[in-house]
Amino acid sequence: MPAIGEGIYFRDKVSWQSPIPASELVTVDRARAWSDGAIWVDARPDEEFARDHVPGAFSLNEDHWNELLAQFLPNLSRDKKVVVYCSAESCNAARDVAKRLRDEAQLKDVFVLQGGWEEWVKKSK
Amino acid sequence: MKTRLLIFTLSIFLGVAARAELKWEQNTIELHPSAGDKTAVAHFKYQNVGTIPVHFKSVKASCGCTTTQSQKEVVNPSEKGEIIATFNIGDRTGQQMKTVTVQTDDPNPTQTTTILTLKADITPALEIKPPVVYWQNGEEPKPKKISVKAAKEFPAKEITIKSNQNFESKVEPGKAGEWTIEVTPKDTSHPIGTALQIQTDYPKEAPKSFYLNVVVTTPPLPPAVRPNVANTPAPKAATPPASPAGGLER
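So the protein lines, in turn, are chains A and B. Under my numbering, the first residue of the first sequence is numbered 1, with each subsequent residue one higher. Under my numbering, the first residue of the second sequence is numbered 1001, with each subsequent residue one higher.
Note that these hints are calculated values from the structure, not bench results. Among these hints, one or two may not hold up.
Claimed, not checked - Cut-off 27 Å, straight-line C-alpha distance, at most; resulting in silico cross-link-like pairs (DSSO-like, lysine-lysine):
#: 1; chain 1: A; residue 1: K99; chain 2: B; residue 2: K1152
#: 2; chain 1: B; residue 1: K1072; chain 2: B; residue 2: K1129
#: 3; chain 1: B; residue 1: K1142; chain 2: A; residue 2: K108
#: 4; chain 1: B; residue 1: K1208; chain 2: A; residue 2: K99
#: 5; chain 1: B; residue 1: K1038; chain 2: B; residue 2: K1204
#: 6; chain 1: B; residue 1: K1145; chain 2: A; residue 2: K99
#: 7; chain 1: B; residue 1: K1038; chain 2: B; residue 2: K1186
#: 8; chain 1: A; residue 1: K99; chain 2: B; residue 2: K1149
#: 9; chain 1: A; residue 1: K108; chain 2: B; residue 2: K1145
#: 10; chain 1: A; residue 1: K81; chain 2: B; residue 2: K1129
#: 11; chain 1: B; residue 1: K1186; chain 2: B; residue 2: K1145
#: 12; chain 1: B; residue 1: K1119; chain 2: A; residue 2: K122
#: 13; chain 1: A; residue 1: K108; chain 2: B; residue 2: K1129
#: 14; chain 1: B; residue 1: K1119; chain 2: A; residue 2: K99
#: 15; chain 1: A; residue 1: K108; chain 2: B; residue 2: K1144
#: 16; chain 1: A; residue 1: K99; chain 2: B; residue 2: K1038
#: 17; chain 1: A; residue 1: K99; chain 2: B; residue 2: K1129
#: 18; chain 1: B; residue 1: K1038; chain 2: B; residue 2: K1119
#: 19; chain 1: B; residue 1: K1129; chain 2: B; residue 2: K1142
#: 20; chain 1: B; residue 1: K1186; chain 2: B; residue 2: K1162
#: 21; chain 1: B; residue 1: K1152; chain 2: B; residue 2: K1175
#: 22; chain 1: B; residue 1: K1145; chain 2: B; residue 2: K1175
#: 23; chain 1: B; residue 1: K1144; chain 2: A; residue 2: K99
#: 24; chain 1: B; residue 1: K1149; chain 2: B; residue 2: K1119
#: 25; chain 1: B; residue 1: K1060; chain 2: A; residue 2: K99
To be verified - So these bits of chain A aren't anywhere near chain B, every CB distance computed over 10 Å:
#: 26; residue: P21
#: 27; residue: R51
#: 28; residue: L73
#: 29; residue: E104
#: 30; residue: V121
Quick reminder that beta carbons are idealized off the backbone N, C-alpha and C, glycines included.
Generate the whole structure from the sequences, applying the supplied hints.
Spelled out as structure tokens, the structure:
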């Protein structure tokens, strides 16, 4: 009962209520199906990327945006879809990085990975 | 008998009256760091207005960019304290919102978890528009213009930009604190990208520099490997794209 009470009371205050439109979300299965047509972007902090990441993913986080963007852009083919992920569904970093890629780098096909790194790991088992 | 009844009544009264309550001065704090600041710090003050101590079970920030510091583990009745949230701005700009979730052992379920919110409006010291400039592979290498504007709190008087072997660049001053940069690729026949460094003269003791990304894009993919949205079987992990000729310069 207390848990239900908390769930109702905090329903508008919990960060996992992401405002990302459905059209900008992609599941792990769908993103993998894009194969070479997708570029993976890891929006997590440097140390988390260094520990492990999606094979071939580029690190691009807002802590070192300018430096990492300069490394990322030359590898980008604008025909490819960009898939951005952070740690989990509750994380907002991927949404923020995806928005900056659309606004600043003027990229169109940018998606946020549903469930983030957690979901990737689960689907990889 | 009367004594027992009195003791019983008193114990019920005390049990009902005993409560913990951490009262927060503000649950949301808005900060306005100056252009060029590295951190924004919020002090979330509280007081235990209840009758029993409150123990902090966890204090967690929503983002690795925010660190928290709790002065106490236990807050006794009428004691005050604060949780300090330090937001490391990094290269973020615009409206930012970070949360800190505080869990205590307050027996009231509506008080057990508190969400503290830090809002910050980050003004970039130097506004560069657009921050990334593209030329298509094979496009005529015409110059493109970028506008640069310094924030009021960042009184740079002069900026310089270095050309490199692949891109020529020059700065045209405008009104005070405004400039136009013109960049021209020498060759667009092969993909290349680089970050041109914009050097300012402020602050005097350690002038800050910024980056303008200039990119000649890779050629478009052949139709056979363009991604489609139809369901395709046998998904496989993405493989790293081949680095374009020229790679990255700094």
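In ascending order, which of the hints set out earlier in this document are inconsistent with the structure?
2, 7, 12, 28 and 29
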